[in-house]
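Residue numbers (the UniProt record's numbering), protein chains in the order written: chain G, 1 to 478; chain B, 1 to 478; chain H, 1 to 478.
Treat the hints loosely; a few may be bogus.
Heads up, the list lumps identical chains together, so a pair's fine if it works in one copy or across two of them.
[Unchecked claim] For lysine-lysine, the following DSS-like pairs were computed, each having C-alpha atoms within a straight-line distance of at most 25 Å: (1) Lys79 / Lys195; (2) Lys195 / Lys106; (3) Lys106 / Lys79; (4) Lys434 / Lys82; (5) Lys159 / Lys324.
Calculated directly from the structure, the hints in this document are not laboratory data.
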Amino acid sequence: MEESGPRSRTKPDRAGTARERGVQTDSRGQGQAPRLSKGNLFTLLSLWMEIFPQDQTEGDQCYNVCVSQINPVGLVVVKDGKVLGLHSSGSELHAGQAAILEHRAKLSHSSLYFSRRPCATCLKMIINAGVSQICFWPSDPEVSIISEEAALDALASDKLKSNSRAHICVPLQPLMPGLAQFVTETSRNGDFMEKVAEDDPEVDLDLGLLSEQLRALASLSSRFLVSSSEQHQQVLSRMNLENFCVEPYFCGLRHNMEQLVQVLSAVVAGVPGYSNYGFYSSDTSAPPQSGPGHGPDPGPVSAEVAVHCMVQARLLSYRTEDPKVGVGAVIWAKRSQMGGLYLVGCGFNAYPSGSHFNEFPQMDDKQEDRQRRKYRYIIHAEQNALTFRTGEMRSCDASLLFVTKCPCDECVPLIRAAGVSHIYSSDLDQGRDKGDISYRRFKHLIETWACGRSIAQGLQMEISYLAIIWCRTSLFYA
Amino acid sequence: MEESGPRSRTKPDRAGTARERGVQTDSRGQGQAPRLSKGNLFTLLSLWMEIFPQDQTEGDQCYNVCVSQINPVGLVVVKDGKVLGLHSSGSELHAGQAAILEHRAKLSHSSLYFSRRPCATCLKMIINAGVSQICFWPSDPEVSIISEEAALDALASDKLKSNSRAHICVPLQPLMPGLAQFVTETSRNGDFMEKVAEDDPEVDLDLGLLSEQLRALASLSSRFLVSSSEQHQQVLSRMNLENFCVEPYFCGLRHNMEQLVQVLSAVVAGVPGYSNYGFYSSDTSAPPQSGPGHGPDPGPVSAEVAVHCMVQARLLSYRTEDPKVGVGAVIWAKRSQMGGLYLVGCGFNAYPSGSHFNEFPQMDDKQEDRQRRKYRYIIHAEQNALTFRTGEMRSCDASLLFVTKCPCDECVPLIRAAGVSHIYSSDLDQGRDKGDISYRRFKHLIETWACGRSIAQGLQMEISYLAIIWCRTSLFYA
Amino acid sequence: MEESGPRSRTKPDRAGTARERGVQTDSRGQGQAPRLSKGNLFTLLSLWMEIFPQDQTEGDQCYNVCVSQINPVGLVVVKDGKVLGLHSSGSELHAGQAAILEHRAKLSHSSLYFSRRPCATCLKMIINAGVSQICFWPSDPEVSIISEEAALDALASDKLKSNSRAHICVPLQPLMPGLAQFVTETSRNGDFMEKVAEDDPEVDLDLGLLSEQLRALASLSSRFLVSSSEQHQQVLSRMNLENFCVEPYFCGLRHNMEQLVQVLSAVVAGVPGYSNYGFYSSDTSAPPQSGPGHGPDPGPVSAEVAVHCMVQARLLSYRTEDPKVGVGAVIWAKRSQMGGLYLVGCGFNAYPSGSHFNEFPQMDDKQEDRQRRKYRYIIHAEQNALTFRTGEMRSCDASLLFVTKCPCDECVPLIRAAGVSHIYSSDLDQGRDKGDISYRRFKHLIETWACGRSIAQGLQMEISYLAIIWCRTSLFYA
């Protein structure tokens with residue numbers, strides 16, 4: 001609490017964490033790290049979308065539709081291996097309906113990953129749009145089996161399923177061994193944790209992380225897992241999935257579920273809800289934008305939404321091809337009219353698409369020979385997110401980049417030219433220069449923010465580049 | 001005339017019309033209703049587009065180009081079985097040129113249905129854009145055969161036709177037997193007619209409908225049919241279509257034309273031009289928006305245009321797969337800048353695309369067993385129009401949904417979320433609940449309009465949901 | 001200097017230039033004119049893009065990135081035989097990065113023509129985007145071989161090249177014999193030159209043109225050609241292209257380069273930088289828009305940029321299929337926010353796409369029989385540019401059409417309806433009527449400009465049609 005100005009980042013690293021921070025090649029894992037499969041990534045994202053924080057400010061007249069008990073649903077739309085959309089149930093629309101309205105004919109030949117079986121009304125429209133695959137997690141479906149409508153809905157879903165040409169299935173992929181452990185380790189060594197430890201050396205990080213993880217596990221398990229096997233078999237029967245109850249398939253299904261939820265808990269624990277931490281403008285020299293008592297301006301989305309999106313970026317980072325460090329990036333935009341967020345793109349660091357394993361050098365800066373280092377060959381997460389973005393980034397909408405690692409000098413001009421208006425990161429390396437990878441431009445970007453904002457008030461459409469960094473809120477009140 | 005407040009809809013149904021109004025499963029036809037073929041639907045739409053009311057308020061400087069006598073032309077652009085655009089000749093652009101400018105490279109591999117043979121200038125550009133099929137109705141072409149240029153134009157058209165790879169042909173499909181009669185019946189039993197009869201029991205509906213239909217038939221025949229066979233053969237000869245004059249082909253061509261015009265007349269008669277009726281805001285409790293003497297606000301398009309678009313929706317409804325009731329929907333948008341309407345999408349009620357005949361239940365609410373009813377399987381007209389829309393619905397443009405049936409509770413949230421700003425309907429069922437199909441939300445939508453508008457004045461871009469219903473204008477003056 | 005009002009264009013043609021000006025069928029060449037091949041056109045455009053004038057008004061904070069010596073690069077993106085984008089290096093982004101951000105996934109299966117070998121950072125992103133062909137001109141690459149980084153960059157480029165599935169090559173196509181001479185002739189007979197001669201009969205046009213051409217040749221040669229064979233072989237070696245140094249290939253490579261640069265010089269000489277000439281509003285009756293001393297308003301882009309784009313249009317005109325006269329058109333748009341130009345479309349006059357050689361008549365208005373004239377079959381340059389445009393023309397952005405010939409009455413309504421706001425032309429035929437081709441509407445368009453502007457001030461979004469013609473600036477000060 002003794003730091004009240006811009007924080008000095010010169011304190012010596014604590015013993016045991018004396019790694020070279022921020023260089024994109026930290027040896028966080030040893031050797032070849034376990035990777036998330038595509039199917040598991042999409043399933044995890046769909047589970048996580050189910051609990052996307054609802055924007056309460058929409059002010060939509062809720063018609064109190066209580067036809068039947070409806071479970072909220074998360075949905076990931078995938079086409080040609082790329083994420084086309086991330087959706088969740090809202091007060092008016094089911095996730096499936098939202099996807100129909102946003103993607104329309106583009107849904108043709110796509111795959112849809114639902115966090116639960118969608119209701120028959122959504123299903124018929126999705127099939128009508130020509131999707132080729134519909135995956136869902138077999139727990140209590142959208143029209144809850146405790147409702148009266150459930151039996152009629154199940155029957156209709158079954159009829160639609162058997163008469164349509166879309167492949168309707170349950171995603172079931174065993175996880176790479178050691179993945180949950182690997183995720184816990186990277187969470188433990190992440191900059192989030194480090195900053196907490198730095199600010200208050202009394203904190204026991206391992207204990208804190210563990211309790212955070214257990215809290216997440218309890219909450220996620222109660223939502224996604226079915227506690228007893230008997231109950232689960234009843235659910236599957238009412239969904240006409242009796243054949244799933246046959247052993248050893250049934251046991252494997254439940255085991256894979258548990259593992260996925262464990263991984264998700266470990267990822268969530270890496271962006272913890274500690275009371276005094278959150279995402280705020282890194283420009284700590286500027287006075288807080290809001291009045292006293294309210295704290296500093298968290299940007300165009302609430303702190304809760306920012307944390308949620310950062311978890312998405314972290315999930316993506318476990319798909320990396322880089323054996324040493326994974327980086328994930330997600331870009332969302334906020335409609336200036338009618339409100340609501342829509343996905344612009346997402347990506348992770350990888351070798352050029354279409355290249356084979358080990359085609360390019362994988363050595364990092366510990367390698368003497370600069371010719372053989374990987375830097376010249378790897379595509380950064382932000383670059384992939386920008387190149388393969390599927391949504392428009394309109395100049396009138398705020399666009400938010402969530403990235404698990406501070407953008408380097410190679411990416412900053414791309415991010416700026418693409419029109420991203422807000423960057424959320426938790427990394428400590430802004431302004432540093434680490435040989436082949438430099439983060440000096442990013443620091444520059446931040447420092448010009450305050451001045452950029454005042455310009456923006458004159459030129460109404462000027463975009464202010466606002467970097468929002470995970471930091472301790474109490475600093476703002478000092 | 002005794003109703004001056006919100007009209008009570010509780011009067012007993014007249015004898016002979018005691019059907020269950022508004023339930024989407026009225027048995028209007030008996031058994032399998034005759035259906036319009038795709039080719040005939042597109043031809044009918046192209047004929048109807050030829051007489052699309054010209055917006056006189058465009059204020060374009062007309063250059064009085066009288067190079068030669070030019071007939072106005074209607075055009076329907078079809079790609080992958082979907083209507084991509086509906087165009088008509090304007091004061092500056094031919095229909096073909098308007099389609100080129102709007103669809104550009106998207107015209108590649110599309111089919112174009114013209115109401116007349118386009119001029120050589122349009123034809124060369126259309127062929128250049130790579131369309132795969134050009135159909136036209138063989139009467140007096142765009143460059144009228146009474147003009148001096150006609151011979152040169154015919155020669156150039158012929159040369160372009162023979163040298164291009166596009167298939168240029170005359171659409172010729174016999175109609176389903178009984179279609180004209182079926183259309184007349186549905187027009188007779190429609191809500192338009194019913195309301196007229198209800199308001200004034202003195203009116204003889206059958207006589208009124210018949211005279212309306214005869215009026216439309218006379219007007220459409222004089223425009224599209226060629227009265228004498230000899231004259232028609234002369235026209236075909238000057239268009240280098242002498243081979244069409246061979247019997248029995250020639251006789252069949254003229255017969256099919258007559259039948260199509262008859263069907264169109266019957267559809268038009270269902271949205272009659274009675275002096276005291278038109279499309280106005282259903283919010284009758286609100287005072288008329290315009291001053292006295294001008295009558296109430298008809299929305300962003302003139303009453304004439306609204307009637308024209310409702311006829312398009314009715315034409316689409318005859319493509320339905322539902323044997324009992326057909327519903328058609330058309331969405332247009334109005335450019336906030338530069339004026340002009342453009343098509344957003346259209347559709348009719350049908351089983352999921354790709355499903356085979358009789359794959360899904362076709363039973364309605366008279367069926368006891370709720371499991372076997374069709375409601376859970378059929379895609380509503382609005383849902384198809386929204387899913388397969390081909391135009392952008394920009395938030396700055398007014399967007400108008402014309403639908404032959406009041407949107408149900410399942411569709412209202414979709415329509416709202418898609419951003420439709422005006423709904424035109426002629427149905428009486430708003431606010432009703434008919435078991436499996438409920439129209440309660442739509443009523444809610446209408447009642448909130450007045451308040452929605454006042455909000456809109458504050459937030460300039462707020463979209464007011466305005467439902468516009470066919471009703472008796474005199475009610476506004478009471 | 002005696003003309004101070006609207007200039008009279010009735011002076012008798014000078015002896016020796018008594019051709020029928022402006023009719024789109026001037027016999028500028030004799031017989032079948034030599035044509036630019038596609039590959040050579042794209043290479044020429046890429047060279048020319050390298051020296052696209054940088055907009056100095058962008059006001060971007062330049063970070064003075066001097067990592068290594070970077071040569072500016074020009075880039076042409078081609079897909080399905082159409083130009084998708086024209087890019088050049090800016091203060092922040094390399095040309096390759098700009099193309100990635102603008103075209104994104106659309107780059108997949110495209111061909112990229114670079115004016116130099118791109119750096120490894122651009123190359124990896126381009127390969128990642130899935131392009132199928134990368135062509136470059138083998139001189140000093142983007143990361144200049146005189147820099148320290150050059151060797152590392154060359155190695156990385158080479159590795160990326162050999163591991164990717166994109167075909168990376170050097171475009172090498174011999175020119176049609178006589179092309180340079182043909183270009184010089186058309187430049188000599190163009191309206192630019194004619195106007196200069198008309199304004200001051202003392203000027204020796206041939207001498208002026210020759211000196212202009214030599215000036216351009218010197219400047220372009222020093223930039224693109226490598227003076228000595230030995231030096232060139234060294235460059236190729238450092239780029240790992242030693243196999244290019246083998247004779248006779250090496251000699252042919254250098255010869256083709258020289259020829260291309262000669263052609264470009266001749267094209268550039270046709271739009272000369274004479275001190276008193278430039279592109280300004282043709283509405284000479286209106287007072288100059290800017291204050292005295294500044295001269296008249298040159299429109300939304302600087303005179304330098306306008307000349308640059310007109311050269312692009314001239315380059316395109318040499319791809320024409322018309323044996324007599326070539327016309328080229330380029331449409332650019334200027335972002336209202338964030339500044340910067342983007343390509344909307346380009347084209348040249350040609351027979352309908354897909355037609356074979358000699359399928360349509362090629363006779364012009366000297367042919368007696370009107371039936372056999374080409375006018376009814378040829379697609380004008382503007383029509384091709386508008387039909388196959390690849391960029392959006394947003395109503396909020398200024399859009400600029402550069403066309404080597406005054407648009408005819410057939411094209412003016414298309415240009416107006418498409419929303420083009422500024423037309424740049426150097427042709428003298430506005431207001432003329434030449435039988436089958438009339439330019440009367442264009443004159444009308446110009447004359448209404450002054451009034452159109454005053455309307456525009458009221459209706460903020462009204463588009464004013466502004467024709468900008470190459471003319472003598474001194475006339476404005478008389």
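Q) Hint by hint, which ones does the structure fall short of? A) Hints 1, 2, 4 not satisfied by this model.
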